[in-house]
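Number of protein chains: 2
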Amino acid sequence: MTTQQLIDQIKKKKSFLCVGLDVDLNKIPQHLLQTEDPIFEFNKAIIDATHHLCVAYKPNIAFFEAYGLKGWQALEKTINYLNKNHPEIFTIADAKRGDIGNTSTMYAKAFFEDLAFDSVTIAPYMGKDSVEPFLAFKEKHTILLALTSNLGAFDFQTKLVDGKELYKQVLETSKTYANSENLMYVVGATKAEYLSEIRQIIPNSFLLVPGVGAQGGNLQDVCKYGMTKDVGLLINSSRGIIYASNQEDFAQAAAQKAEVLQKEMQAILES
Amino acid sequence: MTTQQLIDQIKKKKSFLCVGLDVDLNKIPQHLLQTEDPIFEFNKAIIDATHHLCVAYKPNIAFFEAYGLKGWQALEKTINYLNKNHPEIFTIADAKRGDIGNTSTMYAKAFFEDLAFDSVTIAPYMGKDSVEPFLAFKEKHTILLALTSNLGAFDFQTKLVDGKELYKQVLETSKTYANSENLMYVVGATKAEYLSEIRQIIPNSFLLVPGVGAQGGNLQDVCKYGMTKDVGLLINSSRGIIYASNQEDFAQAAAQKAEVLQKEMQAILES
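Taken in order, these protein sequences are the chains called V and Z. Take the first sequence: its letter number 242 is residue 240 in the working numbering, and every next letter is one higher. Take the second sequence: its letter number 48 is residue 46 in the working numbering, and every next letter is one higher.
No lab work stands behind these hints: they were computed from the structure. Each hint should be verified, as a subset may be incorrect.
Any copy, or any two copies together, can satisfy a pair, since identical chains are not distinguished.
Below 30 Å or equal to it, Euclidean Cα-Cα: the simulated DSSO-like pairs (lysine-lysine) are [claimed, not checked]:
| hint | residue 1 | residue 2 |
| --- | --- | --- |
| 1 | 82 | 68 |
| 2 | 68 | 138 |
| 3 | 68 | 107 |
| 4 | 82 | 12 |
| 5 | 157 | 10 |
| 6 | 227 | 12 |
| 7 | 68 | 222 |
| 8 | 25 | 227 |
| 9 | 75 | 157 |
| 10 | 68 | 10 |
| 11 | 173 | 42 |
| 12 | 9 | 227 |
| 13 | 136 | 25 |
| 14 | 136 | 107 |
| 15 | 11 | 42 |
| 16 | 173 | 157 |
| 17 | 162 | 173 |
| 18 | 11 | 157 |
| 19 | 25 | 138 |
| 20 | 75 | 107 |
| 21 | 11 | 68 |
| 22 | 68 | 25 |
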């Protein structure tokens, strides 16, 4: 999917919501555990109930890998279901990969070819040759970790490197990578005040923003400091939407939570 | 496996060799492609031929994920084969994971519980709460990226943070994490001269050292600067061993290459 197609979807749906699929068998409605593939059944129900309210889904790969072969199978079924039924929706493999060149190429094949995601999240620690193999894929997007939403972000990301925070060095250095137009960035909503400085470095890039909701980030602040003329934001909510209820009404409850966010986004877009 | 058990194996086998399993279907002997599970058949033959010469195996998870469900199945079979037939061998999931706390917990479950590896490689960019969920597992080991063997290592890892290289900040900060005694570190052999300074920060920790062989690192230099009284090194070789031949003799050819390294290690240990 091209960036323009994503922007068109945002304008059409009046939403820049991404729904995170972090499926924990201890948290989903217990009646689903009787089905053959509870993870996929949960995802399918969530997707069926929310697809008109969001522009992206973000399966969190850890939550599939933790269930081994069955988890990987559920991941395949989830991405295939999305690509078949909702090809207009942007898909994000939240995998936080990154390795030496030939290994990154294999990860890129895993997520862009075998699973056919539109994008994948990548950790920057290993530098240029760990990121460029992902950028080499046309019409695919590499979402580089810049400033994450967790407390550990202050361990290294905000430390000064040559007088500038490491996450800003990551932003600036990554602009020099081959095919850097395929880059998006992770910037946590819990650090909204950093967004205006980030926008000075990457004025137009899309940002994937976790941390609204369960982690305490504020949508209004993120938009105030981070929005571009083409929106340029994908706001992720995972637990706040998908675990709105753990009863039989879970999918409708998720849709209600998603709609609250979508309406708030619509108001911002129309203001 | 405890660190002491690993040290005992090193002394018994007179080897601190780790064999990397980076199985690329384009590089393995073509006759294996006729079998039902070429990736596992390749690994099994390599393990059968080399297990007496090494103390660790390191499946590179990207090379399994790239083949989707079949790849994951081959990974399961490989680790199960190792744990059943060679429980004395240290196993490393080279996965380079790392995410916010609850997600890292799921990755830890995937590699320590579902797949029952002894250790997993982790990227430090997201800091403390992305690493500690792995450290919480008893008798498991978290191998944190410090200074990697690729060119991109110079993008960020060697940059000065408060007057000290980022990779040294990673080493020092990680020592304050809960259960830090379960930490090992990745330090590339291509940067052997850095090892004496690294040993001032972490005098006793085990180092996983990639880059000997295909990437140009030198075993003598690594040992000179990095070895401790308990050895403290696992030297990885992947392509240099497993792709020694792409004919029917591939496993024997791999064993010959492994034996050259093991003999070199034995000479160092006995000198």
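Handout entry: Violated hints - listed by number, lowest first
Key = 5, 7, 8, 9, 10, 11, 18, 21
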